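Enquirer: Please take these sequences and the hints and turn them into a complete structure.
Residue numbering for the sequence shown follows numbering that gives the first Met the number 0, beginning at 0 and increasing consecutively.
These are calculated hints, taken from the structure and not from any lab test.
A quick note: this is a predicted structure, and the numbers were derived from the prediction, not measured.
Any given hint could be a false lead.
Between beta-carbon pairs, the in silico distance windows are [what the hints assert, rightly or not]:
{"no.": "1", "residue 1": "G57", "residue 2": "E211", "range": "54 to 62 Å"}
{"no.": "2", "residue 1": "A110", "residue 2": "P158", "range": "25 to 33 Å"}
{"no.": "3", "residue 1": "R45", "residue 2": "G107", "range": "22 to 30 Å"}
{"no.": "4", "residue 1": "E121", "residue 2": "R45", "range": "15 to 23 Å"}
Don't be surprised by glycine CBs; every beta carbon is placed ideally from N, CA and C.
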Amino acid sequence: MSSSTRALLEALRVGRSPAGAQPDDALQARDWLRERLQAAPAAELRGLFTAAERDGPGLSTLLRWVEACVPPGPDSAAIYRRLGQYLPEQADLAATYNLGRTLRDDCGEPAAAQRLFERCTERFMDDADSWLELGNARADLGDHPGARAAWARCAALEPMDPGPWLNMGQLHKERQEWAEACEAMAECCARTQQAEEWHVYGHVLQAAGRAEEGARALKRAIDAYLDRPPDDGTLFWTGAAWARLGRVDEALSCLETALRGDPSLAADARDEEDFAALRGVARFRELVGG
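Expert: Take a look at the structure:
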């Protein structure tokens with residue numbers, strides 16, 4: 000193991016384990032590690048991965064150590080892009096998949112994530128989760144046919160999973176392709192009782208002109224919301240579903256209770272399409288301001 004690789008591993012050890020070092024040492028290790036991961040030559044990063052595979056702790060553990068020292072996010076996206084670039088081609092599924100998720104979900108890097116998910120699906124062709132995430136990354140990048148193809152593969156591998164159907168439904172909803180959205184959400188809701196999915200189904204049915212079916216789906220969503228503990232988010236979405244049904248009093252009651260618990264939801268209510276019909280209602284404007 001080279002001295003530079005050893006230094007990187009030591010920074011990870013100290014930076015992730017403040018209990019085993021003085022706090023100042025941990026902070027210095029993290030600062031040094033961030034700078035080094037950003038600037039290290041490719042050979043040094045490859046050496047780090049090789050050492051982790053050969054001598055321990057393994058690639059997945061190594062990446063968890065990195066996350067503990069350098070929290071993933073937009074500010075550290077360049078570091079995680081480099082890690083994705085130099086992750087060994089033969090890396091195990093967990094390390095490749097989880098780094099892809101970190102790049103897409105935390106760092107906002109769908110292109111880098113897509114490359115890792117493509118690697119997953121090429122080497123582990125029967126892993127449904129990898130196909131799902133590949134579809135998500137492709138959708139982020141505007142490759143809608145590619146996204147649908149990946150989600151269809153996921154659905155074939157996991158026939159009872161509502162996830163790929165929900166994602167297809169959401170994509171068609173965004174594109175205002177209402178017939179296709181209804182078909183996808185019907186498949187989704189045949190596989191789940193979750194309120195959010197039935198809420199989306201009600202929305203697209205209404206948009207497709209199928210008002211009675213939409214009302215039934217929205218009522219089913221409301222019943223599912225009401226079965227949950229009444230936290231602020233649940234109350235917000237229950238109110239949104241009532242609003243889409245045209246039940247103004249019920250919608251305002253739920254929204255008012257939600258806002259008492261979390262006033263920041265007022266901005267979400269102003270922007271939420273489900274509340275559009277209430278924007279001319281004085282009480283709604285009083286509640287959400289703006």
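Enquirer: Now, for every hint given, state plainly whether the structure supports it.
Expert: Here is what the structure says about each hint:
1. Between G57 and E211 the C-beta distance comes to about 56 Å, which sits within the given range of 54 to 62 Å.
2. Between A110 and P158 the beta carbons are some 30 Å apart, a value that agrees with the proposed interval 25 to 33 Å.
3. Checked against the hint of 22 to 30 Å, the pair R45 and G107 passes, with Cβ atoms roughly 25 Å apart.
4. The hinted window of 15 to 23 Å between E121 and R45 holds, with their beta carbons roughly 20 Å apart.
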